[in-house]
Amino acid sequence: MEPRIVIHLDHRKTVYEPGEILSGKVIITPADCGEAIKAVELSILWYTDGKGDQDLHVHHFRRWSQDGDSPLSISAPLRFQTILPQTPLSYDGLIIRIRWCVRVRVFPVKGREIVEEITFRLGHVAPARVRIQ
Amino acid sequence: MTEISGKVENPFSARFVRPGAIPYIFPPGCSAESLYQTFERLQRMGAVVGPHGVGKSALITALADWMEQHQIPCLRLELHDGQRTLDQETWNLLEDRSEIVLTVDGYEQLSAWARYQLRRLCRKRRLGLIGTAHSDVELPLLYAPEPNEDLAWQIVQLLLQRGEPLISREDVHESFARHQGNLREMLFDLYDLYELRRSR
Amino acid sequence: MARWFRLFEKKRGNRRTGSERIAGLWEAGFFASLFLLGCLGFWLVLRFLLLPEWRSGKDFLPVPCKVLETRLGTTLREGQTLYRPEVCIEYRVGERVYRLWTYDIHTVRGNGYSVDRRHAERCLNDYRVGESRTAWYDPTNPEIAVLERGFRWWTWLVLLIPFSFVVLGAGGVSYHVWRWGKSVERLAVQGKPLALSLSANPDAALFPFVPEIPSGIQQPGEHLPYRLPVLGTPSRALMGWLGAALFWNGSVLALALAVYHSGKFDWSFTLFLIPCLMIGLTLVAAFFRQWMVTTAIGQTTVEISDFPLICGQRYRVYLKQTGWLKMNWLEMLIVCEEEATFQHGTNTRRETRRIWQKTLARHEKFDIFHSVPFEIETEIEIPSGMMHSFRSPHNEVRWRLCVRGSAQDWPVFERIFPLVVLPEPSRKSDTASWPRRPVQATSMGGATSSEGTSHDNSETV
Numbered sequence: 001m002e003p004r005i006v007i008h009l010d011h012r013k014t015v016y017e018p019g020e021i022l023s024g025k026v027i028i029t030p031a032d033c034g035e036a037i038k039a040v041e042l043s044i045l046w047y048t049d050g051k052g053d054q055d056l057h058v059h060h061f062r063r064w065s066q067d068g069d070s071p072l073s074i075s076a077p078l079r080f081q082t083i084l085p086q087t088p089l090s091y092d093g094l095i096i097r098i099r100w101c102v103r104v105r106v107f108p109v110k111g112r113e114i115v116e117e118i119t120f121r122l123g124h125v126a127p128a129r130v131r132i133q
Numbered sequence: 134m135t136e137i138s139g140k141v142e143n144p145f146s147a148r149f150v151r152p153g154a155i156p157y158i159f160p161p162g163c164s165a166e167s168l169y170q171t172f173e174r175l176q177r178m179g180a181v182v183g184p185h186g187v188g189k190s191a192l193i194t195a196l197a198d199w200m201e202q203h204q205i206p207c208l209r210l211e212l213h214d215g216q217r218t219l220d221q222e223t224w225n226l227l228e229d230r231s232e233i234v235l236t237v238d239g240y241e242q243l244s245a246w247a248r249y250q251l252r253r254l255c256r257k258r259r260l261g262l263i264g265t266a267h268s269d270v271e272l273p274l275l276y277a278p279e280p281n282e283d284l285a286w287q288i289v290q291l292l293l294q295r296g297e298p299l300i301s302r303e304d305v306h307e308s309f310a311r312h313q314g315n316l317r318e319m320l321f322d323l324y325d326l327y328e329l330r331r332s333r
Numbered sequence: 334m335a336r337w338f339r340l341f342e343k344k345r346g347n348r349r350t351g352s353e354r355i356a357g358l359w360e361a362g363f364f365a366s367l368f369l370l371g372c373l374g375f376w377l378v379l380r381f382l383l384l385p386e387w388r389s390g391k392d393f394l395p396v397p398c399k400v401l402e403t404r405l406g407t408t409l410r411e412g413q414t415l416y417r418p419e420v421c422i423e424y425r426v427g428e429r430v431y432r433l434w435t436y437d438i439h440t441v442r443g444n445g446y447s448v449d450r451r452h453a454e455r456c457l458n459d460y461r462v463g464e465s466r467t468a469w470y471d472p473t474n475p476e477i478a479v480l481e482r483g484f485r486w487w488t489w490l491v492l493l494i495p496f497s498f499v500v501l502g503a504g505g506v507s508y509h510v511w512r513w514g515k516s517v518e519r520l521a522v523q524g525k526p527l528a529l530s531l532s533a534n535p536d537a538a539l540f541p542f543v544p545e546i547p548s549g550i551q552q553p554g555e556h557l558p559y560r561l562p563v564l565g566t567p568s569r570a571l572m573g574w575l576g577a578a579l580f581w582n583g584s585v586l587a588l589a590l591a592v593y594h595s596g597k598f599d600w601s602f603t604l605f606l607i608p609c610l611m612i613g614l615t616l617v618a619a620f621f622r623q624w625m626v627t628t629a630i631g632q633t634t635v636e637i638s639d640f641p642l643i644c645g646q647r648y649r650v651y652l653k654q655t656g657w658l659k660m661n662w663l664e665m666l667i668v669c670e671e672e673a674t675f676q677h678g679t680n681t682r683r684e685t686r687r688i689w690q691k692t693l694a695r696h697e698k699f700d701i702f703h704s705v706p707f708e709i710e711t712e713i714e715i716p717s718g719m720m721h722s723f724r725s726p727h728n729e730v731r732w733r734l735c736v737r738g739s740a741q742d743w744p745v746f747e748r749i750f751p752l753v754v755l756p757e758p759s760r761k762s763d764t765a766s767w768p769r770r771p772v773q774a775t776s777m778g779g780a781t782s783s784e785g786t787s788h789d790n791s792e793t794v
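Residue numbers (our numbering), protein chains in the order written: chain A, 1 to 133; chain B, 134 to 333; chain C, 334 to 794.
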């Protein structure tokens, strides 16, 4: 059975302030599939979207992997925590968007990797809107 | 980067419309395989010719992907703006290869001398050569993409699978006509239209 | 000069629908074959070039010899005649006398040819028939003897070729081994970002991906604490035209002197010279026009009360315009723009969109004199909730002050002054390291326009 990833952010927040602590947990089910997983990677990153080529920067990275012959322990949620930077803030522009997200990749022993992500907002920048005359 | 499945904010964003991001749509009766067979008949030399934004880069990408999937060794070169020649290390590398297919996106940017040298090297080393150009070059014509409005609408429908149905056939008709068949500009134009409607 | 581009480079985004792993294997195999080729070449150069030279210098023993004959050895290779010096010597080792044609170790091994005939002849000139010289013989095989020993300088250059293959191949294979099976995020974190970082270590910066304060900003200004640098000064255009005019006219003059110095009149060259002279005169005229524009329009100076700016804050701005102009209008704007760069195929597409603009001041129908520059001081407020300055390799949000003007008999001019705008401090920010708060507004400065209408602080969206 293919592992399923669920990402929870603490306090059910979706909007964060710069300098605030972002924390949460990753739950991978079923709990006994640790033997079938080679590694789990978590990234807290921002990327751009829009009319330009995509840029990306990883702010926080963590990797859990099998220790020798021992299976990866995922019976307990995998916790993460980081202090968010001052910039760049989340932004909805006309031709540029900046998105922050928590992205988790699971690398099974066999088969393709599984990816899941949730987005959150950093800061309170208003969407850019221009009246077209 | 591995794509996350699901709806996106604007399906006309750059990362969804660049060459290779969507499957190349061949006209009826044409496929990557048939193009490759034509390429073989042309002594393994051919050019993909067409004006800006008709899908030359997308085609050459699709063809290279097909070749790789069918275990045909392929080497991809992408020339940047104003690149008039290949550097010495690249020439040395090509000298050591044989029986592969070389795709050159932006072949016409090379100077006449560099193109001649490249063709000569390909013949000498038995390399296949496919280049893209905006007008006729010394290579035999392999394919000339001619997008029409139906194709444009098919592409848009593919893209809209990731988003909301905010773009109509009429929008595509207007934009395609305004940009005179330049699919790239049409798609960027639809980005703005989608963004405007999404925000209402 | 062509840039080195990586083969099998994956473009950003989902360019491929095929397998990354297979592509990676092909690439790794490619670099592995480079590495093996390099190793083979390295061994060949060592074995057949360097090692013999080294042995002849280190292991061979001296023996007196007599020069019997000299000649220029030739051979034909691929349709080209090659040359080498050959000297016939006679020497004794033990009870046996040896006679052979030699020069250096490569000659003895059947090689040593080159295209340079003169060099070979010069080498031969050092030897006279009948003279006694010292030769060096191989103690393990006395039939081999040489007159010249040591390394040839070009042998080391030849070694560089396979060495570069080894380095390339090893580097490529190592890179792929290191990269194998790693995700995009992991690679980005491990010092090999797939997206470039602006600074060497953006995570160490207080405001990552905010552009640095532009170089050229001066502190203090004449009127306010900071003087802003201007983008693309008009003097650059002036120097450009001057350089072009000097270069072109200098070349034409030199060519004319070379042709006419003999005193003969050449009709065909004269016909060719006429359009060249016209171009030269045009360049000179362009230079003078630019000079007049630069002199007449003069310098635009903008100063500000604090830098960088912060969203939600107010600042004083001072503008001084020199020159000798009858102005139709002059305005100062603050603008915020987005710029997105997209590389599609072989073209780079750049799109700019203005998302916010505010006219800080506008004055109409007034005169500027050399002795009386135009000066105004006004106020900017960067609204709360606006996007801060941002720059990544392909996307940018930028703030600028623009001064634009139209004067009688002159084209519209525009001067751009880049700004850096920071986000508002959040409650969680460590404001101890935040830029100091701006100077509070006190009184509005007066405009020194002589007549005409003026408008301040109108917003255009």
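Bear in mind the hints are in silico, worked out from the structure with no lab data behind them.
Glycine included, C-beta positions come from ideal geometry on N, C-alpha and C.
Among the hints, a few may not be true.
To be verified - With a Cα cut of at most 20 Å, we get these calculated SDA-like pairs of lysine to any residue:
| hint | chain 1 | residue 1 | chain 2 | residue 2 |
| --- | --- | --- | --- | --- |
| 1 | B | 140 | A | 120 |
| 2 | A | 110 | C | 355 |
| 3 | C | 691 | A | 129 |
| 4 | C | 691 | A | 116 |
| 5 | C | 691 | A | 128 |
| 6 | A | 25 | A | 66 |
| 7 | A | 38 | A | 14 |
| 8 | B | 140 | A | 14 |
| 9 | B | 140 | A | 118 |
| 10 | B | 140 | A | 5 |
| 11 | C | 659 | C | 691 |
| 12 | B | 140 | A | 115 |
| 13 | B | 140 | A | 63 |
| 14 | B | 140 | A | 101 |
| 15 | B | 140 | A | 99 |
| 16 | B | 140 | A | 119 |
| 17 | B | 140 | A | 92 |
| 18 | A | 110 | C | 357 |
| 19 | A | 25 | A | 15 |
| 20 | C | 399 | C | 381 |
| 21 | C | 391 | C | 381 |
| 22 | B | 140 | A | 116 |
| 23 | B | 140 | A | 114 |
| 24 | B | 140 | A | 6 |
| 25 | C | 691 | A | 25 |
| 26 | A | 38 | C | 510 |
| 27 | B | 140 | A | 7 |
| 28 | C | 653 | C | 687 |
Unchecked claim - Computed footprint of chain A on chain C; a stretch qualifies when at least three of its residues, placed anywhere within it, have a C-beta under 8 Å from a C-beta of chain A:
| hint | region |
| --- | --- |
| 29 | 668-676 |
| 30 | 680-693 |
| 31 | 715-722 |
Stated by the list, open to error - Ranges of calculated distance between the beta carbons of each label pair, as one might list FRET restraints:
| hint | chain 1 | residue 1 | chain 2 | residue 2 | range |
| --- | --- | --- | --- | --- | --- |
| 32 | B | 313 | C | 584 | 39 to 45 Å |
| 33 | B | 174 | C | 504 | 37 to 43 Å |
| 34 | B | 307 | C | 661 | 49 to 55 Å |
| 35 | C | 607 | B | 244 | 56 to 62 Å |
| 36 | C | 562 | A | 21 | 36 to 42 Å |
| 37 | C | 562 | A | 73 | 55 to 61 Å |
Hints and how they fare:
no.	hint	verdict
1	140(B) / 120(A)	16 Å, holds
2	110(A) / 355(C)	16 Å, holds
3	691(C) / 129(A)	15 Å, holds
4	691(C) / 116(A)	42 Å, violated
5	691(C) / 128(A)	15 Å, holds
6	25(A) / 66(A)	19 Å, holds
7	38(A) / 14(A)	30 Å, violated
8	140(B) / 14(A)	19 Å, holds
9	140(B) / 118(A)	13 Å, holds
10	140(B) / 5(A)	18 Å, holds
11	659(C) / 691(C)	25 Å, violated
12	140(B) / 115(A)	15 Å, holds
13	140(B) / 63(A)	28 Å, violated
14	140(B) / 101(A)	15 Å, holds
15	140(B) / 99(A)	15 Å, holds
16	140(B) / 119(A)	13 Å, holds
17	140(B) / 92(A)	17 Å, holds
18	110(A) / 357(C)	19 Å, holds
19	25(A) / 15(A)	17 Å, holds
20	399(C) / 381(C)	28 Å, violated
21	391(C) / 381(C)	16 Å, holds
22	140(B) / 116(A)	14 Å, holds
23	140(B) / 114(A)	18 Å, holds
24	140(B) / 6(A)	18 Å, holds
25	691(C) / 25(A)	45 Å, violated
26	38(A) / 510(C)	18 Å, holds
27	140(B) / 7(A)	18 Å, holds
28	653(C) / 687(C)	26 Å, violated
29	668-676	holds (count 6)
30	680-693	holds (count 5)
31	715-722	holds (count 4)
32	313(B) / 584(C): 39 to 45 Å	42 Å, holds
33	174(B) / 504(C): 37 to 43 Å	40 Å, holds
34	307(B) / 661(C): 49 to 55 Å	39 Å, violated
35	607(C) / 244(B): 56 to 62 Å	31 Å, violated
36	562(C) / 21(A): 36 to 42 Å	39 Å, holds
37	562(C) / 73(A): 55 to 61 Å	57 Å, holds
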